[in-house]
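If you read the protein sequences in the order shown, they are chains A and B. Quick note on our numbering: the first sequence kicks off at 1 and runs consecutively. Quick note on our numbering: the second sequence kicks off at 1001 and runs consecutively.
Do not take every clue at face value.
[To be verified] No more than 27 Å apart at the CA atoms, straight line, and that leaves these computed lysine-lysine pairs for DSSO-like:
(1) A/LYS135 - B/LYS1188
(2) A/LYS135 - A/LYS178
(3) B/LYS1049 - A/LYS133
(4) A/LYS31 - B/LYS1049
(5) A/LYS119 - A/LYS133
[As the list claims (entries may be wrong)] Listed below are several chain B residues computed to face chain A (Cβ distance under 7 Å; list not exhaustive):
(6) VAL1069
(7) LYS1188
(8) THR1195
(9) SER1196
(10) ILE1201
(11) GLY1270
(12) ASP1274
(13) TRP1287
[Claimed, not checked] Chain A residues, not near chain B, derived (Cβ > 10 Å throughout):
(14) SER30
(15) SER61
(16) LEU110
(17) ARG157
(18) LYS178
(19) ARG189
(20) LEU223
(21) ILE225
I should point out that these hints are in silico values taken from the structure, not numbers from a laboratory. Beta carbons are placed, not taken as given, at the ideal position from N, Cα and C, and that holds for glycine.
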Amino acid sequence: MALDASVPLTTGTRTPERVREPATHAVRASKVNRSFDGRGVLEEVSLSIGNGEFVALLGRSGSGKSTLLRILAGLDSEYAGQVDVPERVAVAFQDARLLPWARILPNVTLGLRGQRAHKLALELLAEVGLAGKEKAWPKTLSGGEAQRAALARALAREPELLLMDEPFGALDALTRIKMHRLLRRLFLRHRPAVLLVTHDVEEAILLADRILVLTDGRLSLDLPIDLPAEGRRQAATFRQLRAQLLTELGVEDDDH
Amino acid sequence: MPIDLSSLRDLDRLAAPADEALRVGVDDRLATPHRARRRPRGLGFLVDKALGPLLLLGVWFTASGLGWVDSTTLPSPGQTWSAAHILIANGQLQEHLLISLQRAAVGLVIGVTVGVLLALLSGLSRVGEVLLDSNLQMLRSMPILALVPLAIVWFGIGEEIKVVLVALGVMFPIYLNTHTAIRSVDAKYIDLAATSGLGRIGLIRRVILPGALPGFFTGLRFSVAIAWLVLVVSEQINASSGIGYLMTQARSIGQTDVIVVGLIVYALLGLISDTLVRFFERRALTWRSTLQSR
Ligand SMILES: Nc1ncnc2c1ncn2[C@@H]1O[C@H](COP(=O)(O)OP(=O)(O)OP(=O)(O)O)[C@@H](O)[C@H]1O
Ligand SMILES: [Mg+2]
Chain A
1 MALDASVPLT TGTRTPERVR EPATHAVRAS KVNRSFDGRG VLEEVSLSIG
51 NGEFVALLGR SGSGKSTLLR ILAGLDSEYA GQVDVPERVA VAFQDARLLP
101 WARILPNVTL GLRGQRAHKL ALELLAEVGL AGKEKAWPKT LSGGEAQRAA
151 LARALAREPE LLLMDEPFGA LDALTRIKMH RLLRRLFLRH RPAVLLVTHD
201 VEEAILLADR ILVLTDGRLS LDLPIDLPAE GRRQAATFRQ LRAQLLTELG
251 VEDDDH
Chain B
1001 MPIDLSSLRD LDRLAAPADE ALRVGVDDRL ATPHRARRRP RGLGFLVDKA
1051 LGPLLLLGVW FTASGLGWVD STTLPSPGQT WSAAHILIAN GQLQEHLLIS
1101 LQRAAVGLVI GVTVGVLLAL LSGLSRVGEV LLDSNLQMLR SMPILALVPL
1151 AIVWFGIGEE IKVVLVALGV MFPIYLNTHT AIRSVDAKYI DLAATSGLGR
1201 IGLIRRVILP GALPGFFTGL RFSVAIAWLV LVVSEQINAS SGIGYLMTQA
1251 RSIGQTDVIV VGLIVYALLG LISDTLVRFF ERRALTWRST LQSR
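Let the hints inform the model, and build the full structure from the sequences given.
Right under this line is the structure:
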């Protein structure tokens, strides 16, 4: 992807409304429509996410998950509908997306200023297990380490809303499990509202308070997960939920 | 209506002349991931580098020692050495070298500054792009030395013309490479900047400029080579000082040994300046070489 001259310099036609003090909801989107070249990718999507709520968004490839997330992140302005998001929104991408020409600490404090941000960044790096890596170059980090640095960067913004687009998609299974635990811990500690886009049904069940399924640009399922915070995999309803979601995604559950 | 400049650019890239000597390259490493290169170090490295020149020197000694070449065609290393000795002893070499260095440096500074400014203007604003880029892309196809007659009419044959020609020659590779690099900063980093609350200035300072730095250095390497090339020619056409002048003068009285001294000086200047640029490049782009040193 190359940088088009218009990208950084023109403001789009629409941006999400930044709500200063969201009363109960971090995200309120109603009747969001987005089409590419006349083809509707999102159709009448309405969703709300409560403050401190962890929502996972599932959907088949091409169903419009990233499109929705980019709209909420303010990266796409060509949509119709009403979108309210809080003041402080942070995004974690599938690739850790650390600036390769900046060391880890300035990557974490990117766009932030002052002693406080600096201190918070150091604390967060320690929290994600990267103490001592402040001066490392991103290229020297492993995939998991880079993704943890990206999480620290997102949280350093003290977001009211944390948007994540398949943040663990590129990690190996073991690292993934560790990252799930870490994310859960960070979430409980910092309590942002979270929208986690993922392909992984189990990941969604393990982490989320609520699961949304996007099918062909429409929200087809809104499923609260009433499971304990810990030991979800052992819960009696785990497999049932998994089967239900897989069916919703149009995949036969092969776990029989 | 937005004009699709990228297709325009591709068109005149196709139409560019095959004049390799003066063609200004664009580094295509920018487009592909940087691959780690193995760089030999220490004594082995020196031997690698010095072996070729030493062999050449050997051939030269042998050829003139055995009388294969006439000393008026090509002086022996000994003759060349004593010619250099005389030129240094009477201060001529230093005097002319200093003047050449000055011209190259002033031209380089002006050309780099203008090239970078133009690249920023056209890389960062649509208006700048429309006004500047297609013009500069068109001009770059022209061999810079074709400008000499016009430049003489405009600037006479004084000091300015040499500096102007060097600056012009330098400007193009700087512009082209820096501009390409700015425009090919990955859009995913632009998204990152937007979601990190970097303003426009922050975006330029933290993302676009550092992202374009490798391209700038590629341009700088081309530029330095072109600076010497343009200087050699313009000092031989009309000058009363400089290494090029020294060589022209020697030619008119048949002193091939002085000509060879001039050649060697130019070669050394080229080598030293390229090494310097590489040194600064490595310093500035440590982040890129971290994989190599791991
Ligand atoms: N910039 C764009 N231009 C044209 N079409 C686009 C663009 N971005 C997305 N699309 C189309 O919109 C549809 C939804 O894309 P999106 O990236 O939102 O899917 P996704 O649900 O995130 O898929 P995945 O799980 O594979 O990441 C796809 O059909 C895609 O081709
Ligand atoms: Mg996606």
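- Query: Hint by hint, which ones does this structure get wrong, listed from lowest number up?
  - Reply: Hints 3, 4, 6, 10, 11, 12, 16 and 17 are the ones this structure does not satisfy, whereas the remaining hints hold.
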